[in-house]
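Engineer: Heads up: the protein sequence lines correspond to chains A and B, in order.
Count along the first sequence starting at 1, add 687, and that's the number in our numbering.
Count along the second sequence starting at 1, add 51, and that's the number in our numbering.
No lab work stands behind these hints: they were computed from the structure.
No experiment lies behind these values; they were computed from the predicted model shown.
Beta carbons are placed, not taken as given, at the ideal position from N, Cα and C, and that holds for glycine.
It cannot be assumed that every hint is accurate.
Computed footprint of chain B on chain A, listed as stretches where at least three residues anywhere in the stretch have a Cβ under 8 Å from a Cβ of chain B [unchecked claim]:
no. : segment
1   : 721 to 727
2   : 826 to 837
3   : 852 to 858
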Amino acid sequence: MTTEKTNTKLHLDRSLALERLKAMIRIRRFEEKCAELYTQEKIRGFLHLYVGEEAIAAGVMPALDAEDAVVATYREHGHALVRGVPMNAVMAEMYGKAEGCSRGRGGSMHLFHEPTRFYGGNAIVGGGLPIAVGLALADKMLESKRVTACFFGEGAAAEGEFHESLNLAALWKLPVLFICENNLYAMGTALARSESETDIHAKAASYQIQSESVDGMNVVDVESAARRAVAAIRAGQGPYFLEYRTYRFRAHSMFDAQLYRDAQEIKEWEAKGPIVRFQDWAEAANLIHPDDVEKIEADVASEIAAAAAFAEAGTWEPVADLTRDVITGGKQ
Amino acid sequence: MTELTYREAVRQAHKDALNADERVFLMGEDVGQYGGCYAVSKGLLEEFGPERIRDTPLSESGFTGAGIGAALGGMRPIVEIMTVNFSLLALDQILNNAATIRHMSGGQFNVPLVIRMATGAGRQLAAQHSHSLEGWYAHIPGLKVLTPATIDDAYGMLGAALADPDPVLIFENVMLYNRPGILEARVADIASAAVRRPGKDITLITYGGSLWKTLEAAETLAAEGIDAEVIDLRVLRPLDNAAILASVAKTRRAVVIDEGWRSGSLAAEVSARIMEGAFWELDAPVGRVCTAEVPIPYPKHLEDAALPQAPVIVAAAKSAIG
Ligand SMILES: Cc1ncc(C[n+]2csc(CCOP(=O)(O)OP(=O)(O)O)c2C)c(N)n1
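For reference, chain A alone in the conformation it holds in the complex (with noise of 0.2 Å):
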């Protein structure tokens, strides 16, 4: 997570690419991590990877300052790592562990983190997006600069509080970054089969909210994007809309059979994946070689064996403490 105030224009050199790069990596190896931990049942309930869409968190995060709030969804795994929750908080959240950043009371689908404003980790579809305007809202009246990050999937277009958000943002000019991960479906629902119109930023657009369709499996047109918008939140310009065109490689949760779509249709995605993509452009442009991509994959693998071992040396909070955190100090 980047801390510096005028971030605004993108100037890719070699650290920058090895900071990207690394990024997109270190989701897709502790997220793949996940699956594996899913399998030996350390992790349960809903699992869902963001695997193909690193280069959304991994471009967008370092467009936002340390004040900047983040809303996400129950796919949210590599925006609470790029956003900087420390991952062994995330893994032993995973866990359910009293250790993790919700203290184990949210799982996979509900990280939060106050150090580094993490709204969540929000499961309703949609459900995030008014929290997100409240949040501007409240920055708005406070007279502070701060932008809030909204992230949803395109399926939340079709939900009524979309577009209540949109139009609230809209109307009272709220700083609010909204970013709509299109990954083509919803479930098993393709985009077409859902929506009359399914050009996801004209809807932004008949809001009057500035929107670009952005390549989202491309990280630096993803960064260039995010800060573009987040520096005309700033200037006073009211909300911004980015859809990302992207695809999710995986099953959308690990009950998902993937009865529709083909395998052909994930292969010739996976061709064009934001890490390889990335990592090719790079190589050739001689800004990473790949003794730097050997290093990233150790310094990864060795992080995440250390969130998998301080999950599983994580502590079960007592069940005396059930009902803590229904309300504030007591119980009810």
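With chain A held as given, fit chain B with the ligand onto it using these hints.
Structural biologist: Only chain B with the ligand this time, still in chain A's reference frame:
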């Protein structure tokens, strides 16, 4: 000590809260230029301006969620929803976010949000504007549910709710807005029930709009030599068990009066708690007077017949006494 209406007491509470704390603001449909659908916020726009008396579009879920976000972001919002029936469009935000965020975040984030809404029947507004769903909300851990019935509570509960670190819902019975009274106590607690009429023969337990009908019933009973104690629950969540059980232990008989429907009602909950906590003290089964199990009908005579009324309360009390 000046006389004012319940509506004026709620309005005065808003003014005082807005003056006392810059973080407080009111938002909802028609709270500003229109003056509030029940005129609670009339005049506030002129005094506090459109930022703090914020008209919203017809987006119950959107602006209730925005209230949650603003509360998370350091403000002290009051969200007004026109009536409890419309709050169903915001139920996702109330239940899935306001009530859960503290818990889901492992105690890192709390939502100091106040949501006010009108509830109850009696104005012939028929089956989409008249229901009493506060008992539903009282089902939800993570929320506090208040039902001010008196002038003091109409005034004092708002301040107490704003001071609370967690989401608080305030249900204002529509039949109370015009009720006059004297504002005596400016500070209200939001934890306990109140004995509105002491008595020794039977406990009548109620809240909100039914309080006044119950007090009326108690006077009728008194004329017939039955000394009823009337308890105003005031807070439906968390329920003041101790007050209920203490009164029942004394009178050994209870009737619960609830404007919600009988099945799965708050009255059922209160009755169950009496059964659990005072079964051996009881001299009679716990009685209930609830709204008839029908969507509230439009014609006056049918609406009246559907709701708890003093004569029915009197009859239920007599039958408990035997
Ligand atoms: C209100 C609501 N309805 C249904 C669901 C079940 N559900 C979970 S994820 C999902 C698909 C959402 O798709 P999209 O918004 O495109 O995000 P993606 O999962 O592709 O990241 C559905 C239908 C839900 N969680 N919330």
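Engineer: Next step is simple, just say for each hint if it's right about the structure.
Structural biologist: Hints versus structure:
1. Coverage of the segment 721 to 727 of chain A by chain B is violated [criterion: at least 3 residues with CB-CB distance below 8 Å; count 0].
2. Check on the segment 826 to 837 of chain A: 4 of its residues sit with their Cβ under 8 Å from a Cβ of chain B, so the three-residue criterion for coverage holds.
3. Given a C-beta distance limit of less than 8 Å, the hint that chain B covers the segment 852 to 858 of chain A holds, as 4 residues qualify and 3 suffice.
Going through the hint list in order, the structure does not satisfy hint 1, though it satisfies all others.
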